[in-house]
Amino acid sequence: MSEQATAAVTKKPIRVGLFATCLVDLMRPRIGFATAKLLEDAGCVVEVPAQTCCGQPAFNSGDRETARDLAAQAIEAFASYDYVVLPSGSCAGQVIVHYPELFAGNAVWEPRAKALAAKTFELTAFLSDVLKAMPAARFEGSVTYHDSCSGLRELGIKAQPRKLLAKVEGLTLVEMKDPDVCCGFGGTFCVKYADVSNKIVEKKTASIAASGAGTLLAGDLGCLMNMAGKLFREGKPVRVRHIAEVLAGMSDEPAIGEPER
Amino acid sequence: MTQAVNSPQFNQNARKALDDSYLQKALARSEKGFIERRKAAVEKLPEYDALRDSARDLKDHILAHLDLYLEAYEKNVIASGGHVHWAANAEEANEIILNICQRLNAKSVAKGKSMISEETGLNTYLEARGIKPIETDLGEYIIQLRGETPSHLIAPALHVTKEQIEADFRRAHTDLPPERNLDEPTSLLAEARAMLRDKFLSAEVGITGANFLIAETGSSVIVTNEGNGDLTQTLAKAHIVISSIEKVVPTREDAATFLRLLARTASGTDLSVYTTFSTGARREGDPDGPLEYHVVLLDNGRSNMLGGKFQEMLRCIRCGACMNHCPVFHAVGGHAYGWVYPGPMGAVLTPSLVGVEKGGQLPNASTFCGRCEEVCPVRIPLPKLMRNWREREFERHLQPASVRYGLGIWAMFAKRPVLYRRATALAMKLLRLLGGKGRLRSLPLASGWTRHRDFPAPQGETFQTLWKKRDASR
Amino acid sequence: MKSREAIFANIRKSLRVSNDDRLRHETVAARIEQHPRNLIPARGQKPDRERLELFLEMVESAKASIVLLETKDDIPAEVAAYLRSKNLPQSIRHGDDERLSLIPWAKERTLEVTKGASDGAQLASVSYSFGAVAESGTLVMVSGADNPTTLNFLPDHHLVVVDERDIAGDYESVWDRIRVSFGANKMPRAVNWITGPSRSGDIEQTHLLGAHGPRSLHVLVVRNS
Numbered sequence: 001m002s003e004q005a006t007a008a009v010t011k012k013p014i015r016v017g018l019f020a021t022c023l024v025d026l027m028r029p030r031i032g033f034a035t036a037k038l039l040e041d042a043g044c045v046v047e048v049p050a051q052t053c054c055g056q057p058a059f060n061s062g063d064r065e066t067a068r069d070l071a072a073q074a075i076e077a078f079a080s081y082d083y084v085v086l087p088s089g090s091c092a093g094q095v096i097v098h099y100p101e102l103f104a105g106n107a108v109w110e111p112r113a114k115a116l117a118a119k120t121f122e123l124t125a126f127l128s129d130v131l132k133a134m135p136a137a138r139f140e141g142s143v144t145y146h147d148s149c150s151g152l153r154e155l156g157i158k159a160q161p162r163k164l165l166a167k168v169e170g171l172t173l174v175e176m177k178d179p180d181v182c183c184g185f186g187g188t189f190c191v192k193y194a195d196v197s198n199k200i201v202e203k204k205t206a207s208i209a210a211s212g213a214g215t216l217l218a219g220d221l222g223c224l225m226n227m228a229g230k231l232f233r234e235g236k237p238v239r240v241r242h243i244a245e246v247l248a249g250m251s252d253e254p255a256i257g258e259p260e261r
Numbered sequence: 001m002t003q004a005v006n007s008p009q010f011n012q013n014a015r016k017a018l019d020d021s022y023l024q025k026a027l028a029r030s031e032k033g034f035i036e037r038r039k040a041a042v043e044k045l046p047e048y049d050a051l052r053d054s055a056r057d058l059k060d061h062i063l064a065h066l067d068l069y070l071e072a073y074e075k076n077v078i079a080s081g082g083h084v085h086w087a088a089n090a091e092e093a094n095e096i097i098l099n100i101c102q103r104l105n106a107k108s109v110a111k112g113k114s115m116i117s118e119e120t121g122l123n124t125y126l127e128a129r130g131i132k133p134i135e136t137d138l139g140e141y142i143i144q145l146r147g148e149t150p151s152h153l154i155a156p157a158l159h160v161t162k163e164q165i166e167a168d169f170r171r172a173h174t175d176l177p178p179e180r181n182l183d184e185p186t187s188l189l190a191e192a193r194a195m196l197r198d199k200f201l202s203a204e205v206g207i208t209g210a211n212f213l214i215a216e217t218g219s220s221v222i223v224t225n226e227g228n229g230d231l232t233q234t235l236a237k238a239h240i241v242i243s244s245i246e247k248v249v250p251t252r253e254d255a256a257t258f259l260r261l262l263a264r265t266a267s268g269t270d271l272s273v274y275t276t277f278s279t280g281a282r283r284e285g286d287p288d289g290p291l292e293y294h295v296v297l298l299d300n301g302r303s304n305m306l307g308g309k310f311q312e313m314l315r316c317i318r319c320g321a322c323m324n325h326c327p328v329f330h331a332v333g334g335h336a337y338g339w340v341y342p343g344p345m346g347a348v349l350t351p352s353l354v355g356v357e358k359g360g361q362l363p364n365a366s367t368f369c370g371r372c373e374e375v376c377p378v379r380i381p382l383p384k385l386m387r388n389w390r391e392r393e394f395e396r397h398l399q400p401a402s403v404r405y406g407l408g409i410w411a412m413f414a415k416r417p418v419l420y421r422r423a424t425a426l427a428m429k430l431l432r433l434l435g436g437k438g439r440l441r442s443l444p445l446a447s448g449w450t451r452h453r454d455f456p457a458p459q460g461e462t463f464q465t466l467w468k469k470r471d472a473s474r
Numbered sequence: 001m002k003s004r005e006a007i008f009a010n011i012r013k014s015l016r017v018s019n020d021d022r023l024r025h026e027t028v029a030a031r032i033e034q035h036p037r038n039l040i041p042a043r044g045q046k047p048d049r050e051r052l053e054l055f056l057e058m059v060e061s062a063k064a065s066i067v068l069l070e071t072k073d074d075i076p077a078e079v080a081a082y083l084r085s086k087n088l089p090q091s092i093r094h095g096d097d098e099r100l101s102l103i104p105w106a107k108e109r110t111l112e113v114t115k116g117a118s119d120g121a122q123l124a125s126v127s128y129s130f131g132a133v134a135e136s137g138t139l140v141m142v143s144g145a146d147n148p149t150t151l152n153f154l155p156d157h158h159l160v161v162v163d164e165r166d167i168a169g170d171y172e173s174v175w176d177r178i179r180v181s182f183g184a185n186k187m188p189r190a191v192n193w194i195t196g197p198s199r200s201g202d203i204e205q206t207h208l209l210g211a212h213g214p215r216s217l218h219v220l221v222v223r224n225s
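Residue numbers (my numbering), protein chains in the order written: chain A, 1 to 261; chain B, 1 to 474; chain C, 1 to 225.
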């Protein structure tokens, strides 16, 4: 390849397939837009192919066949992008860790699953590790960050969100006690074992409140809805947002559970 | 299976546990200590993670050659003057032990801590036949007085407070003067020590479990901090070891590797106070030690686990770290799991040993947070194994119809993106109307959620709809 | 016997192996015969002087006490002083170990020395340890008439003499010495690794010393033996 050709290739913008995840798609689109903004600001071209769910609920309920069907659907939908980015550690974990596992030994699909896994990233990991982007945002106040389990333990995401938050002007990060302990969401667990889940989230909201932070952030909407729902029920005045909203400078919009204006 | 299984009632058990203020107090106290002590011990040993890898590989090697290591072990027990008994199930194990006790005219047996004897329900069995088992581990002794089962692998009385222990001692130790002060743990310990000393000295038979069995020498290994298991086996006429078959390790070097991991992970110490290697009975010239040495090797379903989806569970060395780090265990304690083994290891092992029909609730009662796998000293992928059970349940249609039905409908839409987009766009609009204040306080199909928390309402239109609009406006 | 055969048959069936597989037999026999060492932490792998220092540190961190003595002749005075400091009668019991019998106990006129196993009536015992491990501050006791096992567990106070040259860095080195003393795949009836005094955490996870075994453990390291 000639020098010009190399330059031309490197100049070609990165095409990112945004896998919004079903929760963001249905419940809180602004996380999807925040994600898109962060990627576009960093020079990526963002596309949103037709999509449903990564299949994790089926996978964790023991329905491997449905999980495989949905995985295949996602592999097809996202095959053509340079990268695939998800604003969720747990759905990214499903694609990166479990898709290859679901097709282990399948001559056609295992390589395709691995190829997708190799170019798939959770949002903060992608911004921090791949793009080395430092979003320029402002946020007045203190936040505390909850490490969602799958992102933390399947993908090792711990430093990246903190690194990004450190660059947000006006923001102070105060760590809660045991930020890496489960919030009790666990997908269908929180409905099937409602009382146990409640006990776990009670401990979490106590730690959140004790941190004194005005805002709770995390990278997974499921956990955020669980913690926000509990904070509201307990009357604890902590606002709850996805980290992408803060990084994208969208903190003036309603927080999770607040009425739309 | 002698020990009754109460696992299908997990949710009811959990509710009871959540309402038990004594238990909640005990759980809150224990949670921090275990986690912090393990962390400190592990940080002091730079090779800890490399040791875990080597222990995992070693266990895999052992399990792949289990028949041959067991044969070598048996040969060496016999060569050193001991006896080996094979028990396919709990009943056989109990019967073998009863026969030895009856032959020796035993009235009482002293017991070191053994989860396998919990699995076989040995105490109840012996008691029903006129032989008094006396638990000598302080925690086990406490729960024996209370008529309970252990709620934790290494801290069987984790769920009991010191006030409850005082009341139990006053009830059971009838010659205890009422004015004796038992307010402090130290005075409770002194009382137990004095009570149990006589029992050690008078028991005809001593029964212990085994943390490891060494094929090379035919030795059994126990670890204790109290010295109770060691006294149990030294003072009695006969020492009976009850162990499951997967505890065998090839050599003394291999035992050392596991011992370097066990106490650090379990209680945060480099080693337990006492690690005792027993090989055969009293020898010529020995002034003490048991006159007979027996090993009862229990299968009870383990050989079925080999070569299959749950073989990795047989790597477990019973340290308790998985439960010490489990948010579900912290919430409900060990008894809610309804059988012998609690926490994540119990959630995988119980269905393996009692069947998924009875044990199937347990692998479902997990958030899959993965902290158990993160701390497991032999790197058992506990969430993956729990998921394997859920798959087994799904294949066999064992889940509740509502769960299956709900999942089926959702899958039907999720597999059809166009239909999904239309249906969800409509549903979210409806839900948004209901939750105009930003959140819902009750939702008919998700009462499990709204019983305890508000449900944040959806924004309104879906991301995919809005994104299309954005694209169109550009 | 029926269950034995059934268990073995089921293990082989589950593993999908046959008992005639020579390679499997050879692999197992070789591992047992060669007893290869696995990963050994660097902590205990130190030259003599530092290994002794590590041992002192680890014994103390296990809540035992420890003293260094120049020769065996210093033992009686140390034992007597220990008993006095604990307000105990001047009386000890030890086994037939010649190394203990040769100690000039008579130098302490009031010290009563009896020999034999313990029946639970003794308050203090003295044992000679086979070896020790610096890595974790562990004493390695072997059973027999020389050092009866009951002396390790029944008395309230256990005093253990260890020769400095017997303090190894790791457990594996002590296993090798046991092989030399007792035979290739042989063990004494009991080998007791002791790391600190007896304790229990079973009452509200509070760590208390003196559960069923000795309430205190005192280690006497003899430098020139």
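Some hints here could point you the wrong way.
To be verified - List time: in silico BS3-like cross-link candidates among lysine-lysine, alpha-carbon distance up to 25 Å: (1) B:415 / A:158; (2) B:358 / A:203; (3) A:158 / B:25; (4) B:309 / A:177; (5) B:237 / B:199; (6) B:309 / A:114; (7) A:236 / B:469; (8) B:415 / A:114; (9) A:203 / B:32; (10) A:192 / B:469; (11) A:37 / A:163; (12) B:107 / B:25; (13) B:237 / C:46; (14) A:236 / B:415; (15) C:2 / B:75; (16) A:203 / B:237; (17) A:37 / B:16; (18) A:158 / B:39; (19) B:309 / A:119; (20) A:192 / B:358; (21) A:158 / B:32; (22) B:39 / A:119; (23) A:114 / B:384; (24) A:192 / B:199; (25) C:63 / B:237; (26) C:63 / B:39; (27) B:437 / A:177; (28) C:115 / B:309; (29) B:358 / A:177; (30) B:32 / C:63.
What the hints assert, rightly or not - Here chain A is said to cover these stretches of chain B; the calculated rule only asks that three of the stretch's residues, wherever they fall, bring their Cβ under 8 Å from a Cβ of chain A: (31) 223-229; (32) 254-261; (33) 378-392; (34) 451-461.
It is worth saying that the hints were derived from the structure and are not from the lab.
C-beta atoms are modelled at their ideal positions from N, C-alpha and C, and glycine is treated no differently.
Structure-based check of each hint:
With a C-alpha separation of about 33 Å, the suggested pairing of residue 415 of chain B with residue 158 of chain A is violated against the 25 Å cut-off. For the proposed pair residue 358 of chain B and residue 203 of chain A, the alpha carbon gap of about 30 Å is over 25 Å, so the pair is violated. For the hint linking residue 158 of chain A to residue 25 of chain B, the alpha-carbon distance of about 31 Å lies beyond 25 Å, and the restraint is violated. For the suggested pair residue 309 of chain B and residue 177 of chain A, the alpha carbons sit about 37 Å apart, so the restraint of at most 25 Å is broken.
Of the supplied pair hints, the one linking residue 237 of chain B and residue 199 of chain B holds, its CA atoms being roughly 13 Å apart against a limit of 25 Å. Of the pairs offered as hints, the one joining residue 309 of chain B and residue 114 of chain A holds, with about 23 Å between alpha carbons and a cut-off of 25 Å not exceeded. Distance restraint check for residue 236 of chain A and residue 469 of chain B: the Cα-Cα separation of roughly 36 Å exceeds the 25 Å cut-off, and the hinted pair is therefore not satisfied. About 21 Å separates the Cα atoms of residue 415 of chain B and residue 114 of chain A, which keeps this hinted pair within 25 Å; it holds.
Taking the CA atoms of residue 203 of chain A and residue 32 of chain B, the gap is near 13 Å; set against the 25 Å cutoff, the hint holds. In summary, the hint linking residue 192 of chain A to residue 469 of chain B is not supported, as the alpha carbons are separated by about 37 Å, beyond the 25 Å threshold. Among the hinted pairs, residue 37 of chain A with residue 163 of chain A is consistent with the structure: their alpha-carbon atoms are about 19 Å apart, no more than 25 Å. A C-alpha spacing of about 38 Å is found between residue 107 of chain B and residue 25 of chain B, which places the hinted pair above 25 Å, so the restraint is violated.
With a C-alpha separation of about 43 Å, the suggested pairing of residue 237 of chain B with residue 46 of chain C is violated against the 25 Å cut-off. Only pairs whose Cα atoms come within 25 Å are accepted, and residue 236 of chain A paired with residue 415 of chain B is rejected, the gap being roughly 39 Å. Of the pairs offered as hints, the one joining residue 2 of chain C and residue 75 of chain B holds, with about 18 Å between alpha carbons and a cut-off of 25 Å not exceeded. A threshold of 25 Å between alpha carbons decides the hint, and for residue 203 of chain A with residue 237 of chain B the separation of about 51 Å lies outside it, so the pair is violated.
Pair hint residue 37 of chain A plus residue 16 of chain B does not hold up; C-alpha atoms about 48 Å apart against a cutoff of 25 Å. Restraint check for residue 158 of chain A and residue 39 of chain B: satisfied, since their Cα atoms lie roughly 18 Å apart, inside the 25 Å limit. Restraint check for residue 309 of chain B and residue 119 of chain A: the C-alpha separation of about 30 Å exceeds 25 Å, so the hint is violated. Proximity of residue 192 of chain A to residue 358 of chain B is assessed by CA-CA distance (about 17 Å); at most 25 Å being required, the pair is judged to hold.
The suggested pairing of residue 158 of chain A with residue 32 of chain B holds, with an alpha-carbon distance near 22 Å, which does not exceed 25 Å. Taking the CA atoms of residue 39 of chain B and residue 119 of chain A, the gap is near 34 Å; set against the 25 Å cutoff, the hint is violated. For the hint linking residue 114 of chain A to residue 384 of chain B, the alpha-carbon distance of about 19 Å falls within 25 Å, and the restraint holds. Distance hint between residue 192 of chain A and residue 199 of chain B is unfulfilled; the C-alpha atoms sit about 47 Å from each other, more than 25 Å.
As the CA atoms of residue 63 of chain C and residue 237 of chain B are separated by approximately 33 Å, the hinted pair breaks the 25 Å bound. Among the hinted pairs, residue 63 of chain C with residue 39 of chain B is consistent with the structure: their alpha-carbon atoms are about 20 Å apart, no more than 25 Å. Distance hint between residue 437 of chain B and residue 177 of chain A is unfulfilled; the C-alpha atoms sit about 31 Å from each other, more than 25 Å. About 57 Å separates the Cα atoms of residue 115 of chain C and residue 309 of chain B, which puts this hinted pair outside 25 Å; it is violated.
Distance hint between residue 358 of chain B and residue 177 of chain A is unfulfilled; the C-alpha atoms sit about 37 Å from each other, more than 25 Å. Between residue 32 of chain B and residue 63 of chain C the CA atoms are separated by roughly 22 Å; this keeps the pair inside 25 Å, and the hint holds. Requiring three or more residues with a Cβ within less than 8 Å of a Cβ of chain A, the coverage given for the segment 223-229 of chain B is violated, as only 0 such residues are present. Coverage of a stretch by a chain is defined here by at least three residues with a beta carbon nearer than 8 Å to that chain's beta carbons; for the segment 254-261 of chain B and chain A the count is 0, and the condition is violated.
Residues of the segment 378-392 of chain B lying with their CB closer than 8 Å to a CB of chain A number 5, which satisfies the three-residue condition for coverage. Proximity of the segment 451-461 of chain B to chain A, defined as three or more residues with a beta carbon under 8 Å from a beta carbon of that chain, is established by the 11 residues found.
Violated hints for the displayed structure, listed by number in ascending order: 1, 2, 3, 4, 7, 10, 12, 13, 14, 16, 17, 19, 22, 24, 25, 27, 28, 29, 31, 32.
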